[in-house]
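K.L.:
Here's the letter readout for the chains.
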Amino acid sequence: MAYSFPEEVLEYVFSFINSDKDRNAVSLVCKSWYEIERWCRRRIFIGNCYAVSPGIMIRRFPEIRSVEIKGKPHFADFNLVPEGWGGYVYPWVIAMSRAYPWLEEIRLKRMVVSDECLELISKSFKNFKVLVMSSCEGFSTDGLASVAANCRNLKELDLRESEVEDLSGHWLSHFPDTCTSLVSLNIACLGSEVSFSALERLVSRCPNLRMLQLNRAVPLEKLPNLLRGAPQLAELGTGAYSAELRPELLSSLLDAFTGCKKLKGLSGFWDVVPAYLPAIYPVCHGLTSLNLSYATIQSPDISKLISQCQNLQRLWVLDYIEDGGLDILATTCKNLEELRVFPSDPYGVEQNVSLTEQGLVSVSEGCPKLQSVLYFCRRMSNASLVTIAQNRPNLIRFRLCIIEARATDYLTLEPLDAGFGAIVENCRELRRLSLSGLLTDRVFEYIGKHAKKLEMLSIAFAGDGDLGLHHVLSGCESLRKLEIRDSPFGDKALLANAAKLETMRSLWMSSCSVSYGACKLLGQRLPRLNVEVIDERGTPESRPESCHIEKLYIYRTVAGRRFDTPDFIWTVDEEGNAPLRIA
Amino acid sequence: MESIRIEETGLNLEATELRLGLPGRDKIEKETISSFNKNKRAAPKSAEDDESKANDDIKHHHHEAAPAAKAQVIGWPPIRSYRKNNFAPKKAEAEYGNYVKVSMDGAPYLRKIDLKVYNGYTDLLKALENMFKLSIGEYSEREGYKGSEHAPTYEDKDGDLMLVGDVPWDMFMSTCKRLRIMKGSEARGLGCAV
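Chains A and B are the protein sequences, given in the same order. Just so we're aligned: the first sequence equals residues -18 to 564 in the numbering used here. Just so we're aligned: the second sequence equals residues -13 to 180 in the numbering used here.
Honestly, I wouldn't trust all of these hints.
Here are the computed lysine to aspartate or glutamate pairs in the EDC-like style, where the Cα-Cα straight-line distance is at most 20 Å [claimed, not checked]:
1) K70/B <-> D252/A
2) K70/B <-> D326/A
3) K433/A <-> D467/A
If you are wondering where the hints come from, they were derived from the structure by calculation, not from laboratory data. As the structure is a prediction and not an experimental result, all values here were calculated from the model.
With the hints as extra help, turn the sequences into a complete structure.
P.N.:
Set out below in structure tokens:
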């Protein structure tokens, strides 16, 4: 006689399983587990909004409370994806407004969101709590006003680096006086002034507010009062950190910061006046996260700050920190896990600061927990990369940008194959890698051979030919996202590894050597891939098939081709045609 | 330079690959790839086998790399526009100057001047006097530009029409959106106390 758990028991057990991977595994055990699991799944992550449709999601998971969706490819951040590409959240919001009345959370990344959408969200979900829009665009402060006005239980409104049409700062005043639920508010990306008194009152009446990121327009003079209204803050993003030198303001700030006993993260610091930095010294020791990447302060001031932040785990900073400052970081911050160094003068021809590969080497030596690196610099050597790799085999993310494209090892004038090879060979847990400098197919051979846990790889101006791409596609077992620009990879490697593309989330190739003919073949062979040719020169059918296309975006999908493409995108269909558009 | 040699004993893609294309495609592919290499790399070579051609390109690369890299390329270095816009307004001004339109009542067309080239109000007013062949005179807080037929005014970032000279020069530079030289009775009216 078969024995089985009652459904309720299984459901209860499943409620402890939250990771998507585990949930997916559970659903594959047997039909009844699939059924039970789908009814009790509450959160869903959709890494590519075109990989699945709202209808499919809703049919399978009727009780979702939290949705996270990503749209445009990563290279959209660097203007490589033309305007109008897609990533519209509207169809999702419409469908969810009917199917998920109890939806609580929406998190979006690189999607196009309209004011209409925001209004629909604010009115459709009675218990709506969390709205995070990271690098999104298409909406204005009017949309924010709807959210502020209508979402009674709003806990999080986080606009992270979105492009917002800033009509006025008045939207903030739409939060009703009865709103006391805010936990997290990030308006750092907004340009215009919000009403300070409305902001002050909002902040002081939300006792659970733990994250507040102001925009540049909030002057330093306003900060002490804001902080006094929210001494429980854990994360603060200041507004402009400058004012004329006034001792009362400095002591007022000092006082206010001293009162913030729980502060763990600081950011903002636009237009920094160094004389006001000592105001944050009282909180430095407790800081785990510091974002100085907009702070135009020089190395001595940065170093003075850093030397007091012994518990720092994450530092984002401009290259003004220089090698000297990174040395201090290496000796002071033994818990450092993540370092990002951004260039202060990326388009300048001459080096403007004394930041070299040495700084990164020091940090790799001194910080045993360092696992995530994003580093812009102007020179690199294989020897340094090897040292870094040997110092830090625990690296998980390594993104190096040597500013000059195809720069050689500055000591030996050789390609940097050996250096990056050492990184992938030593750092066995590496999940994300961005390459730069002069690289031949050899580096891809190393990557294919060693980078077995690599999930995301970014390539620019590298390699010699198809062999390089072939190494990556055939060797990197965990590869999910591959993005390539300006590299001589072409048809052979793609066609030889076509099946691999169905195991990945997406492939982006721009200014490479892929022919239209190969795209058609891929589209024909693999019906569950969308093969999108992006070409602003007009239909590829008007040129020989051997002609190279401008850009290519391939992704797996169960939703079939999409119909919201602009006129410069051609989707190859199953017959291997990219049909003429219906105007 | 031994490290730069392409693996010749490695994968022989052509022999093993699954090919769905028409026979004879390979030649076309090679031609297009070599033309790509010609465009993207600095040293064009005569039509050769892909591998050795690439080899030669690499050898020449470190000589060619410097000039090729100086040209500005879209999206390189990979910095988000959010970061560029938020961070570098000062830098942008340094490159492009702070040009504002100057209109004069009655003049058929406008002029444009770069505020950055002037040291202060005296400098600016002298330049305006030269440009429009008029006299503006001395500024006084109480009387504005009394005695002159003209009053220099500007539109600030709130859209208000302001008299030139009231605020510190630096503040003026950052808030002035355009200049307007008023003439006649309107001009005199601005200088009056209420």
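K.L.:
Each hint should be assessed against the structure and marked as holding or not.
P.N.:
Tested hints:
1. With a C-alpha separation of about 14 Å, the suggested pair K70/B and D252/A falls inside the 20 Å cut-off, and the hint holds.
2. Restraint check for K70/B and D326/A: satisfied, since their Cα atoms lie roughly 10 Å apart, inside the 20 Å limit.
3. The suggested pairing of K433/A with D467/A is violated, with an alpha-carbon distance near 25 Å, which exceeds 20 Å.
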